[in-house]
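A.B. asks: What follows is each chain in one-letter form.
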Amino acid sequence: MISVKNLSHIYSNNDKLAINDISFEITKGETFGFLGPSGAGKSTTQGILTGLLKLQKGNVHVAGYNMNKVDNKRFNKIGVSFEQSNVYSKLTAKENLEFYRKLFDVPTREPEELIKLVGLEGKENDRAGSFSKGMKHRLTFARSMINNPELWFLDEPTTGLDPTIAATIKEIINGQKAKGVTTFLTTHNMYIADELCDRVAFIIDGQIKLIDTPKNLKLLYGKKLVDIEFIDNNEVKKETLKLIDDNDKKRMYEIINKYKIQTMHSKEATLEEIFIQVTGRGLI
Amino acid sequence: MKLFSTYIKEMKIAARGFYFYVEIIFAVILLVILLVAVKEESVSKEAEYLYNDIPSKITTYLIEKDINEGKARIAEPTEFKMKPVTFEITNQETSEVTLYEFEEEKTITVETLEQLDPETGKLTRTAYIIDNEEDMIRLSYSEGKIGATVIMSEEGELTYKYYLQGYETDRLVDLLYILHNESGEVLTTEMDNQVVRKLGFEQQLNNRENLLPMFIVFTGSLMGFFIVMAYIFLDKGEGVIKAFAVTPSAVWKYLISKMGVIMTTTIISSLVITIPVMGARINYLLFLVFLIVTTFASSSLGLLVASFFDDMVKAFGIMYGLIIALMIPAFSFYIPSFDPMWMRILPTYPMLQGYKEILLKNGDTGYVLIYSLVFLVSGLVLFALANIKFKKTLTL
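As you go down the protein sequences, you meet chains A and B in turn.
Counting in this note's numbering, the first sequence runs from 76 upward without gaps.
Counting in this note's numbering, the second sequence runs from 938 upward without gaps.
Calculated directly from the structure, the hints in this document are not laboratory data.
Hints may contain errors.
Stated by the list, open to error - Straight-line distance between alpha carbons at most 25 Å, and here's what the computed DSS-like set of lysine-lysine pairs gives:
| hint | chain 1 | residue 1 | chain 2 | residue 2 |
| --- | --- | --- | --- | --- |
| 1 | A | 165 | B | 1179 |
| 2 | A | 148 | B | 1179 |
| 3 | A | 144 | A | 132 |
| 4 | A | 169 | B | 1173 |
Model the full structure from these sequences, guided by the hints.
C.D. replies: Below is the structure:
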């Protein structure tokens, strides 16, 4: 669905490459996470893939379209949800979607259905200007689905949303995946990526450091750990032990046999920890 | 269809906003001012300073003749206080320069003759008859008006020596030359070589009508420049241009739909002012054509300027500079003798002149059509540039 080969991009006001010779492929139906801190090149890559930024160097094919040639028709197959909600505040939720659907040449979804899907039922006729930030974000998210996109670009889809709404959004994304929609998810939230993505790419300073499935990354880079809290001389003590280390294994048996266990939790390395391990940088 | 739905959406947004009503309310206010505060009748402030270097008997005869024919009436003598002044006068024919130095303040009382329209009896201009040439020259210079010495030639014919301010148009100078040239041969030759345009259009438009071109240009055509910028900056603030950019619809349709709103409000506001004042006396088709192309050009300029800035505050400097520059031709419009060449390149100059021609009973339709084409082409070029710039700046 997306093919990127040797993509580079530089902004006119900067002599440093914003994107430096990156290559990756995304297959149909895949949810692909593009992860990195602010300024890593995520939005620039998404800008080029959506055609909002001109392709300078490299070969990029998106939804069957060569991005060297500008053709707005490709947007019939594409949906884009922006990080910053961008709806007409003077139009109602329904009017926003009604207007937007008329811009496409393909069958579109009913605005009421989408409004209900993102939990804005009953707000159809309220002006978007009266919405909270989260509600506007949901309306922007709903709008990105109006043309039944085959390829869906999501930029920080759950940022700023309360956990309940975020869970609804994740559910919708999984629902779209079940329908075979390909998703390019840009985020710096590793938990979201871990939950939703088939594969993730770590990007930093315009370069992709690795691409793999979250499971493989945890197997490759994660250290299985156990947190144990126990009572020793009426004092609560805590230790973290590696399950792959023989000395730690022995120590764990010792603690279990000798002391009263308060709590014991196995722990996997998070994607964030792996990102820091691989790139040497945090996500903020 | 996409263009139409975008236009409808823009109209909805505009109708729920502030700027849509600004233009129309402003037009209504101007109309009220025109109808209530501006009298139709022209009260001419045109003045001329004359020194009659002819026998007094002839002067008296000429004045009495004009009075009897209803062309003039004697008014109360006028007192002028002339301050010390130094200036030079260059003879246009010989290039000879004469220095005039007046060190003392001087007060003179001069005979005042009001010149009338013989048909309507309305005042058209005031002539001040000064009894010595030096005072006439000094007064003409101080008041910034044309002065003249009337001389009787040996053949008994009246000739005129004009004292101009130096910034008068070539048209005016040529016209004065032709008007009083006593040689029929020279007159014919000059007439053949000159394009004589009507200068005194105030003779055909009353005060109220005379204000219309400026009102239409500044509240109609030019308002599009500002309002389209305001709409664009509102959208930039909300980020909706990016949302439009990821649809199969072209950006130019979005820009055109903005213009559609501007056109609609401009047509409404301009007709609100024009219809009550002009009634059915003008060619409204020509009026609408000129209004649409001038609004198209000015709002294209607004789009182009808006494409360089993120918000109204950042664009304010250039906006302010442009409005000042574009207002300058209004001076020329109301002071026909002040018509320097550089002013003619400002777009508001032909806009004002074009509306004037439309309002005149026998206006120059060719002038209006030629400039309609010029504004259409300039508008297209500016629009194309704005479209390119908008497409380039639509980054995430």
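A.B. asks: Each hint needs a verdict: does it hold in this structure or not?
C.D. replies: A quick look at each hint next to the structure:
With a C-alpha separation of about 17 Å, the suggested pair residue 165 of chain A and residue 1179 of chain B falls inside the 25 Å cut-off, and the hint holds. Under the criterion of a C-alpha separation no larger than 25 Å, the hint pairing residue 148 of chain A with residue 1179 of chain B is consistent with the structure, at around 16 Å. With a C-alpha separation of about 13 Å, the suggested pairing of residue 144 of chain A with residue 132 of chain A holds against the 25 Å cut-off. Restraint check: the Cα-Cα separation between residue 169 of chain A and residue 1173 of chain B comes to about 21 Å, which is no more than 25 Å; the hinted pair holds.
Every hint from the earlier list agrees with this structure, and none is contradicted.
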